[in-house]
Amino acid sequence: MDTDGFGELLQQAEQLAAETEGVSELPHVERNLQEIQQAGERLRSKTLTRTLQETADVKASILLGSKGLDISHISQRLESLSAATTFEPLEPVKDTDVQGFLKNERDNALLSGIEESRKRTFRMAERFYWESMLVEWEHDKQKILHTLLASGEDALDFTNESEPSFISEMGPPGRSAMDSIEMAYARQIFIYNEKIVNGHLQPNLGDICSTVAECLDDKNVSELWAMVKQMTDVLLVPARDALSCRTGMEMQMGFVRQAMQFLEQSYKNYVMATVYGNLHQAQLGGVPGTYQLVRSFLNIKLPAPLPGLQDGEVEGHPVWVLIYYCLRCGDLIAAMQVVNRAQHQLGEFKNWFQEYVQGNDRRLSPTAENKLRLHYRRALRNSTDPYKRAVYCLIGRCDVTDSHSEVADKTDDYIWLKLNQVCFEDDVTSSPQDRQTLSQLQSQLLEEYGESHFAAAQRPFLYFQVLFLTAQFEAAIAFLFRLERLRCHAVHVALVLHELKLLLKSSTHSAQLLTQEPGDPRPIRRLNFIRLLMLYTRKFEPTDPREALQYFYFLRNEKDSQGENMFMRCVSELVIESREVRHGALRDLSHTGCRPGLIDKFAGDTKAVISKVASVAEHKGLFEEAVKLYDLAKNPDKVLELMNRLLSPVIPQVSAPQSNKERLKNMALSVAERYRSQGITADKSIDSTFYLLLDLITFFDEYHGGHIDRAIDVMEKLKLVPLSQDSVEERVAAFRNFSDEIRHNLSEVLLATMNILFTQYKRLKGTSSATPARPQRVMEDRDSVSLHQPGLYKCNLLLLKQPGAGADHVCWDDTVQDGRRHKCTAGADGSPHELNATASGKVSSLEE
Numbered sequence: 001m002d003t004d005g006f007g008e009l010l011q012q013a014e015q016l017a018a019e020t021e022g023v024s025e026l027p028h029v030e031r032n033l034q035e036i037q038q039a040g041e042r043l044r045s046k047t048l049t050r051t052l053q054e055t056a057d058v059k060a061s062i063l064l065g066s067k068g069l070d071i072s073h074i075s076q077r078l079e080s081l082s083a084a085t086t087f088e089p090l091e092p093v094k095d096t097d098v099q100g101f102l103k104n105e106r107d108n109a110l111l112s113g114i115e116e117s118r119k120r121t122f123r124m125a126e127r128f129y130w131e132s133m134l135v136e137w138e139h140d141k142q143k144i145l146h147t148l149l150a151s152g153e154d155a156l157d158f159t160n161e162s163e164p165s166f167i168s169e170m171g172p173p174g175r176s177a178m179d180s181i182e183m184a185y186a187r188q189i190f191i192y193n194e195k196i197v198n199g200h201l202q203p204n205l206g207d208i209c210s211t212v213a214e215c216l217d218d219k220n221v222s223e224l225w226a227m228v229k230q231m232t233d234v235l236l237v238p239a240r241d242a243l244s245c246r247t248g249m250e251m252q253m254g255f256v257r258q259a260m261q262f263l264e265q266s267y268k269n270y271v272m273a274t275v276y277g278n279l280h281q282a283q284l285g286g287v288p289g290t291y292q293l294v295r296s297f298l299n300i301k302l303p304a305p306l307p308g309l310q311d312g313e314v315e316g317h318p319v320w321v322l323i324y325y326c327l328r329c330g331d332l333i334a335a336m337q338v339v340n341r342a343q344h345q346l347g348e349f350k351n352w353f354q355e356y357v358q359g360n361d362r363r364l365s366p367t368a369e370n371k372l373r374l375h376y377r378r379a380l381r382n383s384t385d386p387y388k389r390a391v392y393c394l395i396g397r398c399d400v401t402d403s404h405s406e407v408a409d410k411t412d413d414y415i416w417l418k419l420n421q422v423c424f425e426d427d428v429t430s431s432p433q434d435r436q437t438l439s440q441l442q443s444q445l446l447e448e449y450g451e452s453h454f455a456a457a458q459r460p461f462l463y464f465q466v467l468f469l470t471a472q473f474e475a476a477i478a479f480l481f482r483l484e485r486l487r488c489h490a491v492h493v494a495l496v497l498h499e500l501k502l503l504l505k506s507s508t509h510s511a512q513l514l515t516q517e518p519g520d521p522r523p524i525r526r527l528n529f530i531r532l533l534m535l536y537t538r539k540f541e542p543t544d545p546r547e548a549l550q551y552f553y554f555l556r557n558e559k560d561s562q563g564e565n566m567f568m569r570c571v572s573e574l575v576i577e578s579r580e581v582r583h584g585a586l587r588d589l590s591h592t593g594c595r596p597g598l599i600d601k602f603a604g605d606t607k608a609v610i611s612k613v614a615s616v617a618e619h620k621g622l623f624e625e626a627v628k629l630y631d632l633a634k635n636p637d638k639v640l641e642l643m644n645r646l647l648s649p650v651i652p653q654v655s656a657p658q659s660n661k662e663r664l665k666n667m668a669l670s671v672a673e674r675y676r677s678q679g680i681t682a683d684k685s686i687d688s689t690f691y692l693l694l695d696l697i698t699f700f701d702e703y704h705g706g707h708i709d710r711a712i713d714v715m716e717k718l719k720l721v722p723l724s725q726d727s728v729e730e731r732v733a734a735f736r737n738f739s740d741e742i743r744h745n746l747s748e749v750l751l752a753t754m755n756i757l758f759t760q761y762k763r764l765k766g767t768s769s770a771t772p773a774r775p776q777r778v779m780e781d782r783d784s785v786s787l788h789q790p791g792l793y794k795c796n797l798l799l800l801k802q803p804g805a806g807a808d809h810v811c812w813d814d815t816v817q818d819g820r821r822h823k824c825t826a827g828a829d830g831s832p833h834e835l836n837a838t839a840s841g842k843v844s845s846l847e848e
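1 is the number of the first residue of the sequence shown in the UniProt record's numbering; add one for each residue after it.
Treat the hints with caution; some may be incorrect.
[What the hints assert, rightly or not] Quick list of the computed label-pair ranges, beta carbon to beta carbon:
#1 Ser615 <-> Leu751: 29 to 39 Å
#2 Lys141 <-> Leu751: 22 to 32 Å
#3 Arg42 <-> Arg743: 46 to 56 Å
#4 Arg743 <-> Ile36: 20 to 30 Å
#5 Ile36 <-> Glu116: 21 to 31 Å
#6 Gln562 <-> Gln512: 27 to 37 Å
#7 Pro542 <-> Gln658: 25 to 35 Å
#8 Ala608 <-> Gln512: 29 to 39 Å
In short, the hints are calculated from the structure, not lab data. This structure is a prediction, so every number in the text was calculated from the model and none was measured. No residue lacks a Cβ here, since even glycine has one placed at the ideal position from N, Cα and C.
With the sequences and hints as input, model every part of the structure.
Structural data, given as structure tokens:
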């Protein structure tokens, strides 16, 4: 503003002040600067509040308007109802007031409809809310139960003491969540799966996993895998039903025989290590054999002098001690050698023992066994020689209640002694104290003694051995799995048994880790193999999805309660959670083909797996991921259906770099280009909607870019909205066939089209007075003349191209009369143009 303007403003202010002071009725108000500031702040706050409210109203109108609702009209209708705030029925009016009665009935009908809709909406919202809460609670409950079952008693220990872990010994953690032991096992699992997938003969998974123990240099782990290999080498083909196979007498005899051989060989190795570690004291001599080994061992570890040792000595050692230790090393020939040397002192025992050595499965005949038991009860039960009593109980399987603690002072010795006394045939003549089955021994060790008796927390490998050697594989695995640092060993032992079809698995995947199902004989337990693997892989799924996929392959024949394949289910969840769609878990699409992914080798046709993953992604609302997955599964209908759903909300938006619309547009164009080049088609309605949405994106891009002429050309070719009076009914009829994705954008399309036409009209008026160079051509394919009345025509939109100008000029002419040949006297270049118009008002030609 210049100086003169400020001078006029000052004069007006002084005049207003003089007039105000001349009025005596008005009080004179004086304010200091602080009061003026406070008054201004109050006015500003009021204005801001009003502005925020108006902004909220505008946003509400836009939101409801996008759904086809007019908020102002609805508000007026609701305000016209006297009970709009309570939605209660109106009071009846007098019967004579017909107009009032009808109005009252109409208002009551509206109010009842609104009230019913409101109640139904609240009921639906409440039902959806509780369903969502129940689903979330069930998910959290399962997670809590899994954690408790996986951690056992330690999960409820809130002390600061933590269980020692191998992870801390491996240095600072890297990218992977797996420690070195877990990675070593994972490599062996990869080798095993590669051989299975490539069609090779199925290798022994136990031998492959035991190589990990050799690298660890851990005696306990090495013995664990030696035990697993020994117990699974039963040389029997497992039946289809693992339960009937495991409870069969032949299989149980095989387990007992393998367990005894393992314990005997372990003890013999211990004896050899002791002897060769003390050769001077042992006085081994040059004669090989178990007898000489045991004699030398007794030179070192001679039992403490026990009162009552009977029946003399052999080479300076008590005869029954020598026999017992030869049996403990598993060498019956060496024990027979001792018996032959002391046969005159042993009486009838020589004949019984000779029959025991020569018999099948180390068993006396029933007659000889009954004689031995009778002799034991009469003469030896109260004997003071513990080794003699132990040998008689081993040979005759009698007095199973005696633990022989003086001889079997170690857990291994006790288990070996009890396994020797297990009988399998029905012997009704023997008393209960002379009969013990494998099931009774299992119940005693698992239920009567349990973890506390064997101090399992301090010696986990020992308790695992007790359970595993008595063929309680599932209980042993579940116990070891509860210990974090030993969990990986338990899982791979379970995998070995699973591949050999020796594992008793739970009938439902939602069961606890270790269960006893109705109908199973005691103390049989079942292991939830599916949960075991899923709990183990949960630790490293986010960081090592490839390794997790190798473990999931063991679930390829497992199904959940709904009959769904667990391998497909786990893979789908793995891909969704780890976003491995972009990192090669499936396949990568390109214009030329596809690259095999990780799961392709596990299944020749991965279409079913990919479709399952896509379905899970769709239900979780991950539509962009689902589009890629359905594309991999070669399901164009679902690809275009989801693309239509994604494109519809972003079509009217301005396309900016890195925006949501730009990303979806590029994705859609890539799909369209590949489908067109490969000749892939979808359902006709879905296909047409997809390409129409792409055309609308082009229209709005031209519109937002300011290229209104190109935008209107696109709209004219699309024939989505009527651009002339004659095409209105045709476009209305065609609108009914459009999908919802197109209909939702119609309001934006109409608004953009009207803005374009208005812009062209303003430009026409702005260029009508100009006198540019002589234009060259002609018009577009549209109605340029409209019929107003008979014999009266008007040139409406005549587009002329000016050479070299690059701009459009519109000729707007006044009404011209008479005849079929008319001149546009107000041409863009100032010169007349002749317009040939037919009786219908259509332009046939344009002449200069």
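Subject >> Hints violated by the structure (listed by number, smallest first) >> reply: 2, 4, 5 and 6
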